[in-house]
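4 protein chains.
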Amino acid sequence: MTSDTKLDKVEHAMQPDDTPEIRALYRAFADEHLMPLWTQLGDLMPVHPKPKAVPHVWKWSRLLPLAKKAGDLIPVGRGGERRAIGLSNPGLDGNAYISPTLWSAIQYLGPRETAPEHRHSQNAFRFVVEGEGVWTVVNGDPIRMSRGDLLLTPGWSFHGHHNDTDSPMAWIDGLDIPFTQQMDVGFFEFGSERVTDYATPDYSRSERLWGHAGLRPLSQLQNTPASPIGAYRWEITNRALTEQFLLEDEGQPATTAQGHAAIRYVNPTTGGDVMPTIRCEFHRLRPGIETNLRQDVGSTVFQVFEGRGAVLLNGITHTLEKGDMFVVPSWISWSLQAETQLDLFRFSDAPIMERLNFMRSKVED
Amino acid sequence: MTSDTKLDKVEHAMQPDDTPEIRALYRAFADEHLMPLWTQLGDLMPVHPKPKAVPHVWKWSRLLPLAKKAGDLIPVGRGGERRAIGLSNPGLDGNAYISPTLWSAIQYLGPRETAPEHRHSQNAFRFVVEGEGVWTVVNGDPIRMSRGDLLLTPGWSFHGHHNDTDSPMAWIDGLDIPFTQQMDVGFFEFGSERVTDYATPDYSRSERLWGHAGLRPLSQLQNTPASPIGAYRWEITNRALTEQFLLEDEGQPATTAQGHAAIRYVNPTTGGDVMPTIRCEFHRLRPGIETNLRQDVGSTVFQVFEGRGAVLLNGITHTLEKGDMFVVPSWISWSLQAETQLDLFRFSDAPIMERLNFMRSKVED
Amino acid sequence: MTSDTKLDKVEHAMQPDDTPEIRALYRAFADEHLMPLWTQLGDLMPVHPKPKAVPHVWKWSRLLPLAKKAGDLIPVGRGGERRAIGLSNPGLDGNAYISPTLWSAIQYLGPRETAPEHRHSQNAFRFVVEGEGVWTVVNGDPIRMSRGDLLLTPGWSFHGHHNDTDSPMAWIDGLDIPFTQQMDVGFFEFGSERVTDYATPDYSRSERLWGHAGLRPLSQLQNTPASPIGAYRWEITNRALTEQFLLEDEGQPATTAQGHAAIRYVNPTTGGDVMPTIRCEFHRLRPGIETNLRQDVGSTVFQVFEGRGAVLLNGITHTLEKGDMFVVPSWISWSLQAETQLDLFRFSDAPIMERLNFMRSKVED
Amino acid sequence: MTSDTKLDKVEHAMQPDDTPEIRALYRAFADEHLMPLWTQLGDLMPVHPKPKAVPHVWKWSRLLPLAKKAGDLIPVGRGGERRAIGLSNPGLDGNAYISPTLWSAIQYLGPRETAPEHRHSQNAFRFVVEGEGVWTVVNGDPIRMSRGDLLLTPGWSFHGHHNDTDSPMAWIDGLDIPFTQQMDVGFFEFGSERVTDYATPDYSRSERLWGHAGLRPLSQLQNTPASPIGAYRWEITNRALTEQFLLEDEGQPATTAQGHAAIRYVNPTTGGDVMPTIRCEFHRLRPGIETNLRQDVGSTVFQVFEGRGAVLLNGITHTLEKGDMFVVPSWISWSLQAETQLDLFRFSDAPIMERLNFMRSKVED
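Protein chains in written order, with our numbering: chain A, 1 to 365; chain B, 1 to 365; chain C, 1 to 365; chain D, 1 to 365.
Next comes chain A alone, as it looks inside the complex:
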């Protein structure tokens, strides 16, 4: 729709000669905390999003050993709060932002360790690519963490983690820290030094209350901004995706595209996104499938859950294996290619873009 270089190539009618008067004017602007629009328009209002953030792939094979090393050297506890190592977008120097809106980290908890409770305005989730043995306690409700599970800790929920086993465990955290920090909206509060409940039930109270498809407790008729479901279990996600492929085999509409099954995790009180700022999805591609090249406003992060394949990011192909993570900044073109069956967890800032009417996409046929 818009040409990439249109603004750059235009004859610029507002660049006066460099005269003493102009210099005096610009100095006076600076003295009064003013800046002219005409000298910086192309940066402020590009013809399409030109993110500083760059597409990047982090290899799980390198992340995990570093997390383990941190487990050996860094104690976990009050003050630092979490042994979480943030993925820092190479284009966003000096910030542990994976994108302008999103934070993603690998978190590591050693045998019998506890990460203390706190709460914050930032919305958070955990996704478990491997391992088990840790429970996250959210507002007093202990939630088991196992491979393939998505756990939510929506803004202002108290939460801590503890490892109930003699083995370490790692997982990924996703939050809207960069958004909240740049927008100045975050509050933070310490809670208990130890988690408030060391029980290790298979299912959290939130799942027992809400984990029944199509049923809503009569005691919970008030809609909530974030999903009340504490954990979305792998068994259910896997079954949903499996059924989509079976239905596709039967010639029924079910998949999002041929060979491409996908679900969105939702808030059962509204049918909408799990949290006000973060969308979570899971995608499964049949072997050989290649998705349409597309560009979207907003940024998204993927983690390979299982399988092998590749992602084309801005024209460059990156191979993918289990655990690998990558970020697609705003308006960067991307396409997925499945070598084997390829399972991917995905999260993004799409709720922000949609709620504020900025969403746009461009899909190649």
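Honestly, the hints are just simulated from the structure, not real lab data. Since the model is a prediction, treat every value here as computed from it, not as a measurement. Honestly, I wouldn't trust all of these hints.
[Said to hold, decoys possible] Taking lysine to aspartate or glutamate and the EDC-like style, the derived pairs with C-alpha atoms no more than 20 Å apart in a straight line are:
no., chain 1, residue 1, chain 2, residue 2
1, C, Lys-68, B, Glu-306
2, C, Lys-68, C, Glu-132
3, D, Lys-322, D, Glu-235
4, C, Lys-52, C, Asp-18
5, C, Lys-322, B, Glu-32
6, C, Lys-59, C, Glu-130
7, A, Lys-69, D, Glu-21
8, D, Lys-52, D, Asp-93
9, D, Lys-322, D, Glu-130
10, D, Lys-69, A, Glu-21
11, A, Lys-50, D, Asp-31
12, D, Lys-59, A, Asp-17
13, C, Lys-322, C, Glu-132
14, B, Lys-50, C, Glu-189
15, A, Lys-59, D, Glu-193
16, A, Lys-59, A, Glu-339
17, C, Lys-69, B, Asp-18
18, C, Lys-59, B, Asp-31
19, D, Lys-69, A, Asp-17
20, A, Lys-69, D, Asp-18
21, B, Lys-52, C, Asp-93
22, B, Lys-68, C, Asp-31
23, C, Lys-68, B, Asp-18
24, D, Lys-68, D, Asp-31
25, B, Lys-52, C, Glu-132
26, A, Lys-68, A, Glu-130
27, A, Lys-59, A, Glu-321
28, A, Lys-59, D, Glu-32
Given the coordinates of chain A, work out where chains B, C and D should sit on it, guided by the hints.
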């Protein structure tokens, strides 16, 4: 808030003497298709709802034999469409209305019979209090019917039934026929004489696509006025209620009142009611529990699914056994009493009342 | 889409011979308050809406003299409450319903008379086709009534009327009485015998607070189910319609069809209908314009405000003059024809139909 | 609720000694584009918003002469697009951001000048503190700009300005540029070099279609993300505020606090904010009134329209005169004091905060 007799007892200032002139005026009104408000205000605008419909209990022990008898004598087929016997509120003479908004019937299908396909604006559901062996085919999707299941056929969905076994089966139908008939909103269309798919799968395609708590197919992001879930299975309903009582035992908030577990069946695309005019719920009372006496705008129907107890309707106690059905018209006081654990399926016109801002309730402490 | 006679012409497979056994079965049904569906399906579920209500035109030249006569003979006061004469649809015998959902009446108040205050669940409006001098007091706020004004008294607002002049005044009332009576949702309460404020300001407090296009008082950020605007003044309505025609003359999109200007009165807190059950609109046709023949679910009432023309109702043409009123029941075809410029006030039950997902229309090209 | 220094004072359990191993680990993190959370938690997740942006007041008496000077030295035209001088928050060095979300500028157009047409995703408005003679053309609709008017150019609307007089004119622009730039959501496109319509009507087509309180054109029933009203005129704003004070004088609820009248400019299709990211309001304080000290999440900008007074920002009092502008960053305490009657235009990013569930306020009694 309002006194029952206030309007009746008021000095009526607008009752002129019966003079020839008044008679002439009233005759002229009639000639011009006019009617004065002042002669009929109390009926048109009572101080609180004074339904013609009356509370009434139908005993399953009487309904079922009559349905069987109808099975012997009445063939099922095109024209009459369904061997459905409507529960006719004694206060609404001449109409098979269980209330001014709701229709409820016992439907009966003999061995190997088929009820032909059709569609209509009326929203419908089936609830199965006993038996199995029939499949309802909704827009080509065969849906098994088993004890405790709730099946939806929202307005304008093609649907038919067929009995795949050598035994008869009965269930209840609920529709908004009285509402649609009085409001003149209904359309009807015949479909196939035979159901369009005689397959007998355990789970419908709708369940395979949507029956995963908290997960939404990425191919189905458009919200729908009615739930896309074809069947709400007893196993899931029972598990949800069981968990509520277990959570209550653990001292956790879960039940709607002490000893009273309850769920609402919902549309997963919105978290709201399953259909635009009909609310469906399931209630479970522990033995000995008695619910608060209450009055609500709108009418509701219950069917006892299991257990023994009683209902107090307008001050009169009626004993209840499995399969028994009763209607509570608008603003009639009611309270449930459980002798054993008491399981009840419930439906009502509450979405109409809420969407049009007429809902009111009064609950005794 | 559906053939009118389809259901009638079908071979009815469920009409058994009249045998003693069948008679016994039907008698048993009656004893148990049961009614079979198969004997009455065509009435309960017609192929399209077949309203008992009929299209009908009431001539203002006959209504007004009868209202005046009632003014001479019938005092106004507590008990009858209002000197309101309801337009009774000839198809709905014995009820002062203009349609199954709507009530419409001509109300008449003599010099210096007061109609006492009361409130009810029913939503009400007044529209003034001629005259002035009465104030309606809504929740203590006196609202002037003048030609062309629409006044709202949403459900459960206290309201009364008083005539501040030495001349009588008539206007029309519109309410959802038939809906509320059939659905059993109405409450009623007496208020003050005299209106609570006899002031006669030009503009009500509600207008002074809300009558500023695009501006919302910061003290009123809570949305309300009904519009907080007490009166929609003729000057504003007329100006809006005039501008639409001027814009049309300039070749700009503004009118709803060529030569057909129209506005909907809305609730400024939501942009939606003024009341939960009643839609109000004003239409203006240029001389010679004929609207498309159309059918809609739900019923609508028109009053000619100014001009001459005709309405085609179910194939029959009725001429129209100032003050004439007519009703279009559900799915009855209708078209307007303007001889002079034709101004019409319109109200309908469309919010009911839309909120409950029953709306359908069919428009001829 | 949270103590300002809580996080700073806590014993930090995760600060290991500076050993060669730790250094190697941190180096390895850097090599892999990783950053630990524990070294930077306090900055990323402060106990309450600690904006880099600072409260600041710009004096109109200094802004306007510089704008005039720019008018002498800088031509307006394609490439730079606008002679707009942005207010640059002293805490946000190197960016012309008045806050992390908002841009505000003084724009200046000399006699007979034209600022060419373009469109962008950024939402924009103009507010006129003094002067007249310029028309803004929005999607081909010429809109007069006069003192006290608010003009909207919602995202992706083509717009340009032209001065129809022999005198210069200045006004303020407000946009969401900082938000869109940091979030990478902006698109931009050039339009016509000259405005597409040099007509100078008193009222825009948008006003003629939509500027009738409580009335919605039947041709415009689709809700829009931004208000369709092109200009909110001073006459209407002033009348609304005047009425609020008159109602207050009569003892009626109308003002937002004693002596404090205020309106929010709204989208008439929804009753909500005028644009998805920007809230606009107008406030009027009676002489002597002092508002409650408050803190809010999100940033807001005021411009004094008329009168004299002061603002207390983070404990420091700044005097205010006509045209002065000031910004209140997130969670900075503020209070207004009116010496004379004090009229203020206000805009903020509150829709972002509310739609994403981050809004919080703290008001001192």
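* Asked: Is it true that the CA of Lys-59(A) sits at most 20 Å from the CA of Glu-339(A)?
  -> 17 Å, holds
* Are Lys-50(A) and Asp-31(D) close enough, with their CA atoms no more than 20 Å apart? -> Not satisfied, since the Cα-Cα distance of roughly 25 Å exceeds 20 Å.
* Between Lys-50(B) and Glu-189(C), is the straight-line Cα distance small enough, at 20 Å or below? -> 14 Å, holds
* Take the C-alpha atoms of Lys-68(D) and Asp-31(D), compute the straight-line distance between them, and say whether it is at most 20 Å. => Violated, at about 52 Å.
* Asked: Is Lys-322(D) close enough to Glu-235(D), meaning Cα to Cα at most 20 Å?
  -> 18 Å, holds
* Asked: Is Lys-52(B) within 20 Å of Asp-93(C), Cα to Cα?
  -> Holds, because 18 Å separates the two Cα atoms, which is no more than 20 Å.
* **Pair hint Lys-59(C) and Asp-31(B), alpha-carbon separation not exceeding 20 Å** => Roughly 12 Å separates the two Cα atoms, so the pair holds.
* Taken at face value, is the distance from the CA of Asp-18(D) to the CA of Lys-69(A) at most 20 Å? -> 15 Å, holds
* **Given hint Glu-32(B) paired with Lys-322(C) - CA-CA distance at most 20 Å** => The given pair, whose Cα atoms are some 18 Å apart, holds under the 20 Å limit.
* Asked: Does the alpha-carbon distance linking Lys-69(D) and Glu-21(A) stay inside the 20 Å limit?
  -> 10 Å, holds
* Decide if the proposed pair is consistent with the structure: Lys-59(A) and Glu-32(D), CA atoms, cutoff 20 Å inclusive. => 9 Å, holds
* **Lys-69(D) paired with Asp-17(A) [C-alpha distance capped at 20 Å]** => Within the cut-off at roughly 15 Å; holds.
Going down the numbered hints, you'll see the structure goes against 1, 4, 11, 12, 15, 24 and 25, while the others check out.
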